[in-house]
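Visitor: For reference, the chains in residue letters:
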Amino acid sequence: MSWLHRLWNTFRPERVQSRIDRELSFHIAERTDQLRSEGLSEEEATRRARRQFGNVTVQAERTRDVDIALWADGLLRNVRYAVRTLTRTPGFTAAVVLTLALGIGANTAVFSAIDAVLLQPLPFPDGDRLMQLRQTQERTAETNIAPVRLEDWHRLNSTFEAITGYLTENVSETSGDLPERVRRASVTARFLDVLGVAPALGRGFTPDEHQIGAPSAVLISDRYWRRRFGADANVAGKSVRIGSTSLPIVGVMPASFLFPDRDVELWFPARLSKQLAQVRYATWYTGIGRLKPGVTPEQARSNLAAVQAQLGEQYPETDAKIGVEVMPLKEITVGGVRPSLWLLFGAVSVLLLITCTNIAALLLSRAAQRQQEISVRLSLGGTRAAVAAQMLTETGMLALAGSAAGLLVALGVSAGFSSAAMDLPRMEEIAVDGRILLYTLALAVTVTFVCGLLPAIRTARGGLAGASNEAGRRQVSTRNSLQWLLVGTQVALSVTLLAGAGLLVRSFLELSRVNPGFESKRVLTFHMSGSWAEMTDRGRLVQRIDGTLEALRALPGVDAAATAIFLPGVPAHYESTFELVEGRGDKEARMIAESRVVSPDYFATMRIPLVGGERCGHQPLGGPRDVVVNRAFASRYLAAWPSAVGLHLATDNRSSPPARIVGIVGDARERGLDRDPGPIVYTCFSTPNPTPYFLVRTHTESAALAQAVRLKMKELEPARAVYDIAPLEERIGDAFTQNRLRTVLLVLFALTALSLSCVGLYGTLSYVVNLRRREVGLRLALGAARSDIIRQFLVQGLRVAGLACVCGLVLSIAFTRALSGMLYGVSPSDPLTLSSVIAIVLAVAALAALVPATRAALVEPMRTLREE
Amino acid sequence: LTHKLYIGRIPAVNLTYATTLVLHALATGVRHGFDILDATGLPSGTVYPILRRLERETLVSAHWEEAAIAHKEQRPPRRYYELTAAGKAVLETAVVRYPVPRAITARLRRLRPAQSS
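Top to bottom, those sequences are chains A and B.
For what it's worth, my numbering labels the leading residue of the first sequence as 1, then goes sequentially.
For what it's worth, my numbering labels the leading residue of the second sequence as 869, then goes sequentially.
For the record, the hints were derived by calculation from the structure and aren't laboratory data.
A portion of the hints provided could be inaccurate.
Beta-carbon label-pair distances, calculated as ranges [what the hints assert, rightly or not]:
(1) A:L437 - B:K956: 47 to 53 Å
(2) A:A385 - B:T973: 41 to 47 Å
(3) A:S379 - B:K956: 26 to 32 Å
(4) A:N55 - B:A974: 26 to 32 Å
(5) A:V56 - B:A974: 26 to 32 Å
Note that the coordinates shown come from a computational prediction; the quantities given were computed from them, not determined experimentally.
Yeah, the Cβ is synthetic: ideal placement off N, Cα and C, and Gly gets one too.
This is chain B alone, in the form it adopts within the complex (with noise of 0.2 Å):
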């Protein structure tokens, strides 16, 4: 159901080839600016844009992590990125448009060890 609601709106977010590597980066666990591009290799120019609209059209929600947390770990704070159930419905529709190479599955994989830890 979730997939009919959301898939009218698809044209709404300009579904490219990288805003579907975002999208799919996401939906692996990868959950940061900074990762996303490290995961996809796409350049920063790209990235942040497309997080900002995909959040604009409500398939991601963002929230920024706690001051404790990075102050504690001595570095800025994060901003965290999560897929939204509209967000995963349109991945659905975008990865059959543009499969991701493998390659890049194959660079999230070794990346979410790391987003464990």
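Same shape as in the complex, but just chain A (with noise of 0.2 Å):
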């Protein structure tokens, strides 16, 4: 019989009893019917049989054991024994399973979102393989590549089994009623093959479509196929219709497919003529290589810097100095939010902690209640051992149902989680699966041991003495240091949560209070579609690009308009190397500066003011460039001069003059609200691409004129699409979403803390009150004063509380240093958040505490006297 069977047996004792009582039965009627046989009486016989045989039930019982697996026999009782004892004292188990349900569920929901975000590969066959490629250049921050680069080093290395490239853009698709905006990546050839992926429906491209002069195509993504195409099956062959081009979709790719971003619905095959081939200094593509199995990202890095350098002897005049970065893909998607969720499953386990703590010190309580009944289990000779199984079960079985209800709180909050949280990576990938179930059972497991163990040892140590005491009259030592000391931990634990919330809190104030250099209110940007084929005629894009602006400032309601390449207070940057023409050979006149291309009404626009020269005027194209540079920039580079104005600075692209400075302006954050604005150039041209941010100052609410400028936009350009428009104010709060979201969950986990961690203080000084009911009735009768009564309970709540508030600071200061990056304007050991916080719990713990101090001191000493 192997183990199974008899597991099996345990759930079916009736039948293996049966078995065996017909067994014995047969025994000892064969026994009477022997002796009946030898002359003894029919009674006598069956007596004498019976006797011999000894006693049925024990040898019964004995027999069982070796059919059943004891221990979940055992385990079976001890269930059948919590569910009824649970089921007795309904509001106990209802708060226990709702408290766990919050601390499990909150902590899977955070887990479950960092196995998605964090621990899963990305979702591409082998995607540890695959790895995001990059050319860095000492004088500037552009890091893509050139289209004939990239083809020279999946030529040339010899880690990677393929090097593919793409570049996103934004474009109209014409095919509706109103030009729809769609974002597309033109891919170069290789692209399905590094991804290992292809299409769910039709094929992926040919070499011959990457080639000019071939028939195009597109591959569209699912949600594009449902929208566009009513997910018809027969798609392939259809076209879509960007601008005055009709494309045949060759295929449609799987819904889980969201390279390079969620938003991309079309993909190109990338073709180049063999001129535009050949630039060595165009920078177009950010790079894809899968590794060859076994190799690292450290191999590919040496391997492809090797590749550049032999590049570099080639081409030393566009080669020579370009470097390579090769970073983990997954690290690429995803490295922006690990620490954020890190530091929020941090604060959740810390709330998981406090859960199980707070309900370890109700068992401890409700344990001593049930003293007398674990005595008389002792005293009937149940083992110690037994006791602890049967309280561990209890817990366990609280545990269960606190995790079965959490898994229900984790998929309301993670399906919350994307919803508040959606401009993050990855997000659409969460969900509650085998894994995260596993997980929570592992939690209950977890809390079961860190909950019940410490009441489980504690009752089963407890003597028989309840037993031969009377009833009611119970030797509990009411200095209950174990309880105290699980109600200090959870204070000393809310502290530290409260202090990483309360940092965060501030520092999200001072950066509402930080002073921009600009003004963001009534500011509405968008974007029009653009192609970056209508680069090849500048003039004409220069054109349409003013002509817009023109209009736009001709609406009524509208003050100016600009456009920019990146928005101001949207975490964005671009550095540049530049030198002062004036100061040719002198080392020292190299300098590094933010580069900002706006137009010339863009400081107007978003009102930063002129500090001294004079604004740009409107720039010729092809003439030199006028710039225009902060304060920053002047006094850092330019104070040896009396004047910036009229000195030349000459940028990293050989391809334009020196650039007059005409003005200086004030300092302004562009490049995010939390960075000081460091030294800024801006270059005045309204064109830097076909499709760069408009800028429009309104007088009214700026989300108002949204559809005015719509309207307009149709009317000047039909065929174009305006899209992202949103209040400028709205775009820096996004910029801010993990920030915000981070600052809010955290504040929601330690007022939850708290609350518990008072609710822990509460129930165990009302427990103490309890105990000490009859000596203080005693104390009133021989006329102690209820003001001493109550003074004497709040101070011994408060002392707790009061040292779990130290112990709880020097906590903060490890889990505070965790933040440090995460905070602006505030030191991690900010002493008026750490104060603040201190006081607040102190004065939380005094009211949690008040209550039943004040129960204690409205004791009547008459009725105490007399149950005496």
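Using the hints, put the two standalone chains together into the complex.
Guide: Written out as structure tokens, the structure reads:
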């Protein structure tokens, strides 16, 4: 009989029992017959047969024990008993299960996000072998790669299976009544092979389709296929109209394919003329490479660096100063949210620990009340191990129920989390699956031991004293040091969480108080679809953009309009190195600064004050450019000159002549509100690319003008789509989604932690008051003042809370250090935040302690004495 | 070969003197618990758990007597036990460790005619 069979037998005890009973009854019957044949009477024979056989029940039990899995039998019995006990106290059970559901649910939800975003490989076959490749240059922040160089890397390296590249842009799709903005990726040869993904429908690109002159093709996203073609299975052969060109659809990508980003809906084969394909200074593609099996990113990096060094020798003019950057694609995708997610996980784990401690204290009080029952069990021969196992089983049942309810909480929280944080990477991959179920089960086991072990040992250790005492007179220590220790732990952990949350809130407040150096209110921002193909006729492109700006300015309610590549205050950076023409030969004359290309009216639109010189005027195409520098640039690099105005800056872009500094403007936090402005050089040019941001300053609420802008643009450019239209303030806010979400969640966790620990303090003090009711009554009868009684219990509670605050502060120092990268304008050990936290905790603790303390003082001495 | 196959399993059964006696009794043709008790002189609280354990380890096989026979003889049905090949192999090792006393062998010999009847 295998162990499985015995386990099975455990769950059908009646069957096993009846088999044993039959066999044993045969035995007794046989013996009775034998004795009767020896001349005994029927009655005597039966009696003697039974006596010879011994205690039938004991024999049957011993035999049964061989047939069943004893541990499972014990567990089953404990579970049945636990369910009976817990259903007898529904209030207690519900409170514990609910508390656990919140603790476990929050933990599971954050873990499911960590699992999907950080732990699981990217959703590509062998996704861990995918690397993002970029080129680095000492004098510019530009990292995109020239097509010809990408091909050279692919051809010459020995560590990648293949290398490909892509660039994304927004174009207007004109198949429908209104032009619609779609995001497309132009991909080079081998794109799908490198990613290891095949279209769900149709085919990928043929090598021919990457050649100019060959028939074109387009792959569409699953979403686009459903929206535009109603999931038509015969979509291959139909076409997508982009601008004035129709392109045949060759396939549909799987729904899970969201690369390079989740907004891309069309993939085109990149097609370059022979001439363009050879331009080595072009900066177009982001590279993607698939490592050969067993190759590490470091090996690939050094191999590619060697390849690039070789190219540098071959093409010293363009390649000598170029380096390579190889980063795991996953790191690039999710690296930005890693600290936040781990921080949240740390916070929910602390919260769960507080929950467990709280429940442990509850279980301890409950165990003290059950001392009588435990003593009876012990005196009837129950072992201490059995009592401890029984207590642990009860906790286990609570933990299991809490985990099941927690899973429901996690499902809700996960859904909320994904919709609140849609901008964060891989949010669509968060799911509660088998792994998460396993995790929750593991949590349940952990919680069982964390909550239950101490009370179980404590209870089993409790002697037989209770049984010998009169009912109701329990000899329980009124010092309850273990309970107080648990309360203290909760308070200390809450202080830690509150300190973290407080720092994030302060940092957020600081951020909102910061003077950005520009006015973000009443500015509407949007894009208009355009194509890089327009860059071939720059004159026409400049005319188009300037025309659009003119039309915008003419709109009623519009004060000013401008274009810019980046939005002010939204984190983005593009650093370049400049040289002062007047200081050539001087090594110090090399200046690193943020480089921004803006239309001349940008400063008026953004209300960035002019502090010297003049604003740029209209810039003719091909003529020398004017630049405006900010105050930080002038004071850091040009302080030695009587005036920065009139000096000339040369950029590393050799194609353009040196630019004259015409003005100095105030410092604006262009790169993000949380970053110092730093030196900035503004190049005045309205048309740096076909799809710059348009910024419109309005008289009234900017969102109200959105419709007017759309209509005007439709009238002006019917074939172009206006997209991404939103007030600047909203965009700046969006840039801090992660920051805000992190703060909100941490505050939520910290408040929950504080309430839990105060409930713990309240519960423990109430318990202590209850135990000492007689003593209090007696003291009152002997003339003690009620205020003394209140003070005594209040001090008892506050002493624990105070000590815990000190420990919490020490813990906070370690915890808030992890926050330092996320704080702005406030130090991790900010005394104001920490002292406010302590004040809040002590105040809430005092409130929580006051209720039981007052209850103690209201004890009726006469009643107590009568009870005595 | 059977011996070699099962020799590795011996430690799985708690090979005590009592187990050896039960195995030995079964080997000599005693077939149910009542007779095993008589043959070995072991108490019922020892024999039945041992039989269960041996059955669990497939050293003995067991089956219930047909209800019709028991009914005809007006007694509860018997449960018959029989040594399996593995059981025989284990017994070979067991008797080396715990030689079966002559008295028991003699008692078994006395019982056998009764069995055959």
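Visitor: State for each hint whether it applies.
Guide: We went through each hint and held it up to the structure:
{"no.": "1", "hint": "A:L437 - B:K956: 47 to 53 Å", "result": "holds, 49 Å"}
{"no.": "2", "hint": "A:A385 - B:T973: 41 to 47 Å", "result": "holds, 44 Å"}
{"no.": "3", "hint": "A:S379 - B:K956: 26 to 32 Å", "result": "violated, 50 Å"}
{"no.": "4", "hint": "A:N55 - B:A974: 26 to 32 Å", "result": "holds, 31 Å"}
{"no.": "5", "hint": "A:V56 - B:A974: 26 to 32 Å", "result": "holds, 31 Å"}
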